[in-house]
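Could you put together the complete structure from these sequences and hints?
Protein chains: 2
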Amino acid sequence: MPAPLFLRACRGEVTERAPIWVMRQAGRYLPEYRRVRAGVSFLELCKTPKLAAEVTLQPIQRFGFDAAILFSDLLVPLEAMGLEVQFTEQGPRLPEPVRAPADLRRVGRFDAASKTGFVMETIRVLRGQLGDTPLIGFAGAPFTVATYAIEGRTAKSFTETKGFFYRHPVEARQLLGLIAEATRDYLRAQVRAGAQAIQIFDSWVGVVSADDWESFVLPPTAALVSEVRAAGVPVIYFANGATTIFERIARVGADVYGVDWRLPIDEARARLGVPAAVQGNLDPSVLLGPASEIQRRATEIVRRGGKRGHVFNLGHGIYPETPVESVEALVAAVRAA
Amino acid sequence: MPAPLFLRACRGEVTERAPIWVMRQAGRYLPEYRRVRAGVSFLELCKTPKLAAEVTLQPIQRFGFDAAILFSDLLVPLEAMGLEVQFTEQGPRLPEPVRAPADLRRVGRFDAASKTGFVMETIRVLRGQLGDTPLIGFAGAPFTVATYAIEGRTAKSFTETKGFFYRHPVEARQLLGLIAEATRDYLRAQVRAGAQAIQIFDSWVGVVSADDWESFVLPPTAALVSEVRAAGVPVIYFANGATTIFERIARVGADVYGVDWRLPIDEARARLGVPAAVQGNLDPSVLLGPASEIQRRATEIVRRGGKRGHVFNLGHGIYPETPVESVEALVAAVRAA
Numbered sequence: 001m002p003a004p005l006f007l008r009a010c011r012g013e014v015t016e017r018a019p020i021w022v023m024r025q026a027g028r029y030l031p032e033y034r035r036v037r038a039g040v041s042f043l044e045l046c047k048t049p050k051l052a053a054e055v056t057l058q059p060i061q062r063f064g065f066d067a068a069i070l071f072s073d074l075l076v077p078l079e080a081m082g083l084e085v086q087f088t089e090q091g092p093r094l095p096e097p098v099r100a101p102a103d104l105r106r107v108g109r110f111d112a113a114s115k116t117g118f119v120m121e122t123i124r125v126l127r128g129q130l131g132d133t134p135l136i137g138f139a140g141a142p143f144t145v146a147t148y149a150i151e152g153r154t155a156k157s158f159t160e161t162k163g164f165f166y167r168h169p170v171e172a173r174q175l176l177g178l179i180a181e182a183t184r185d186y187l188r189a190q191v192r193a194g195a196q197a198i199q200i201f202d203s204w205v206g207v208v209s210a211d212d213w214e215s216f217v218l219p220p221t222a223a224l225v226s227e228v229r230a231a232g233v234p235v236i237y238f239a240n241g242a243t244t245i246f247e248r249i250a251r252v253g254a255d256v257y258g259v260d261w262r263l264p265i266d267e268a269r270a271r272l273g274v275p276a277a278v279q280g281n282l283d284p285s286v287l288l289g290p291a292s293e294i295q296r297r298a299t300e301i302v303r304r305g306g307k308r309g310h311v312f313n314l315g316h317g318i319y320p321e322t323p324v325e326s327v328e329a330l331v332a333a334v335r336a337a
Numbered sequence: 001m002p003a004p005l006f007l008r009a010c011r012g013e014v015t016e017r018a019p020i021w022v023m024r025q026a027g028r029y030l031p032e033y034r035r036v037r038a039g040v041s042f043l044e045l046c047k048t049p050k051l052a053a054e055v056t057l058q059p060i061q062r063f064g065f066d067a068a069i070l071f072s073d074l075l076v077p078l079e080a081m082g083l084e085v086q087f088t089e090q091g092p093r094l095p096e097p098v099r100a101p102a103d104l105r106r107v108g109r110f111d112a113a114s115k116t117g118f119v120m121e122t123i124r125v126l127r128g129q130l131g132d133t134p135l136i137g138f139a140g141a142p143f144t145v146a147t148y149a150i151e152g153r154t155a156k157s158f159t160e161t162k163g164f165f166y167r168h169p170v171e172a173r174q175l176l177g178l179i180a181e182a183t184r185d186y187l188r189a190q191v192r193a194g195a196q197a198i199q200i201f202d203s204w205v206g207v208v209s210a211d212d213w214e215s216f217v218l219p220p221t222a223a224l225v226s227e228v229r230a231a232g233v234p235v236i237y238f239a240n241g242a243t244t245i246f247e248r249i250a251r252v253g254a255d256v257y258g259v260d261w262r263l264p265i266d267e268a269r270a271r272l273g274v275p276a277a278v279q280g281n282l283d284p285s286v287l288l289g290p291a292s293e294i295q296r297r298a299t300e301i302v303r304r305g306g307k308r309g310h311v312f313n314l315g316h317g318i319y320p321e322t323p324v325e326s327v328e329a330l331v332a333a334v335r336a337a
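From first to last, the protein sequence lines are chains E and F. According to the working numbering, the stretch in the first sequence is residues 1 to 337, in order. According to the working numbering, the stretch in the second sequence is residues 1 to 337, in order.
If you're looking for bench data, these hints aren't it; they were derived computationally from the structure. For each residue, glycine too, the CB sits at the ideal point set by N, CA and C. Take the hints with a grain of salt, since some may be wrong.
[To be verified] Partial selection, computed: residues in chain F whose CB lies under 10 Å from chain E: (1) Y166; (2) T243; (3) L288; (4) P290.
Next up, the structure:
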């Protein structure tokens with residue numbers, strides 16, 4: 001039996017059609033997700049393997065996506081490193097963020113087995129239920145996780161993070177290194193539990209300059225990617241908002257590069273300059289428009305993405321207000337293209 | 001007497017040193033600004049020529065910047081087009097945004113003379129006080145102003161704007177065209193009043209795809225730039241967050257392109273592919289770091305910017321928490337480079 005379509009595309013192979021999944025496919029746009037979520041807090045949902053597995057499966061059952069992605073949160077490993085994380089209506093809050101070099105003492109070693117066992121259990125439950133559909137594990141990239149550690153919330157201008165980098169470059173690299181190590185252990189545990197591919201989300205990397213990316217972000221990120229690939233699974237690096245620096249980004253060494261919607265996917269691939277696979281790049285706002293527009297744009301991306309090493313996806317997480325019918329139209333368009 | 005340094009650089013000439021000004025130089029980081037602002041609301045400050053001129057002059061007097069920029073707000077012309085704008089602690093709010101094609105009827109013709117006379121008076125006062133320092137007038141670009149009209153606030157994901165574009169492309173272009181025409185009249189009035197250069201801020205254009213930029217944003221923006229240039233002043237187009245599409249952006253036809261901090265200024269210039277001037281590109285967060293780092297990075301930008309057609313600036317507005325000493329260090333570094 002051939003490997004699943006999604007995994008073959010991740011490996012850069014030519015596939016008979018582009019596999020499709022969408023970021024945040026297990027989410028609030030789905031009525032069945034909202035029903036589960038109505039009964040529990042977000043954190044309870046993440047930490048209850050039976051429920052996390054249930055919502056992970058929902059979009060697979062409804063749309064037949066070509067990959068499932070673990071339902072969890074970017075900040076789970078940060079909590080497991082000893083930093084308190086609260087999930088509020090306004091988003092995540094860290095009551096005691098890392099603001100000075102001395103705060104690094106509070107950032108502990110990471111113990112994947114004892115602190116994130118619920119994630120591994122979710123993965124095991126899912127592998128028992130997913131059949132042939134591959135499961136993607138994930139984590140935040142070191143820079144993106146560091147912004148939460150330093151800002152204590154989803155930042156707007158990232159001045160705390162950058163201020164810390166410029167004032168304390170040694171300790172900033174130390175913090176990024178600690179997060180990268182913890183994330184490595186976390187992701188290797190996910191692979192041992194059954195994750196068949198890993199996506200690393202660098203959600204906020206678009207806010208750093210090319211020079212800062214090379215100097216601060218690249219080394220710990222490349223180390224992490226290399227160490228996770230050594231566990232035998234393909235690694236997708238999604239550098240959101242970073243097509244500006246795509247000429248540099250292949251130095252991360254990933255198998256697949258996520259492409260947001262800002263640049264056409266063939267141009268983004270050309271900028272990479274290496275024969276890696278690409279994943280993206282429909283603007284999720286298109287799903288708020290008419291079906292004809294969804295079809296036109298999805299078909300264009302399939303054409304531009306080409307047959308080799310192309311995973312269809314949105315360029316960002318699906319918006320909660322997206323009509324389910326739009327996702328149906330999208331899946332049909334990609335399958336028919 | 002030669003033309004002022006800043007204007008020569010805008011015209012693409014070789015200059016003896018890079019002129020410097022910084023975006024939001026009249027702002028909250030200055031104690032003398034906070035003193036004026038303590039007594040009046042933001043809107044009163046914008047609408048009182050004596051006070052608006054006073055805060056415009058403050059950074060010129062303190063730092064000797066090579067250009068002054070009119071103190072005003074991006075939403076002034078929108079209000080003059082008949083849409084109510086409230087300035088709240090949480091930012092601007094439009095109680096009745098443009099959400100459906102029928103709402104276009106509420107977007108009126110713009111009467112610069114009767115509705116924005118306070119801006120023109122501020123410019124006249126300033127020209128009487130500025131001496132040899134050139135004065136930059138400004139407005140928001142059609143797309144950026146349209147996002148406020150449609151979202152009713154500073155957006156996060158711009159789903160209302162893009163949803164409107166995809167559902168109602170004809171009316172979206174109509175709205176962008178109306179804003180471009182109003183902005184043309186507004187900016188020509190500024191030039192008649194004495195503005196010697198114009199900056200067009202496309203603060204949010206970084207959220208659109210390359211295709212949407214070409215299809216929706218480029219035509220009204222290029223028309224606006226061309227019509228303002230016909231008034232005889234150089235036009236600076238600052239497309240924030242858009243170095244990704246800098247290969248396309250010179251089609252706007254500006255004299256100068258603002259460059260945020262994401263790409264080194266020489267790479268951004270190369271992407272433009274035309275011999276236009278460039279302005280930027282220090283990450284304003286650097287001003288939250290030590291003087292040595294400010295000096296190192298500013299010097300590097302002066303070197304990479306080259307001697308021809310280069311205006312030194314930040315890559316974005318200066319942050320309110322910036323120490324005044326950092327700006328002093330910056331000015332000294334650029335002058336000494």
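Going down the list of hints, with the structure as the test:
1. Hint status for Y166/F: holds, given a least beta-carbon distance of 3 Å to chain E, under 10 Å.
2. About 4 Å separates the beta-carbon of T243/F from the nearest beta-carbon of chain E, less than 10 Å, and the hint is met.
3. For L288/F, the suggested interface contact is upheld, since its CB lies about 4 Å from the closest CB of chain E, less than 10 Å.
4. Below 10 Å, beta-carbon pairs count as interface contacts, and P290/F has one with chain E at about 6 Å; its hint therefore holds.
Checked against the numbered hints given earlier, this structure breaks none of them.
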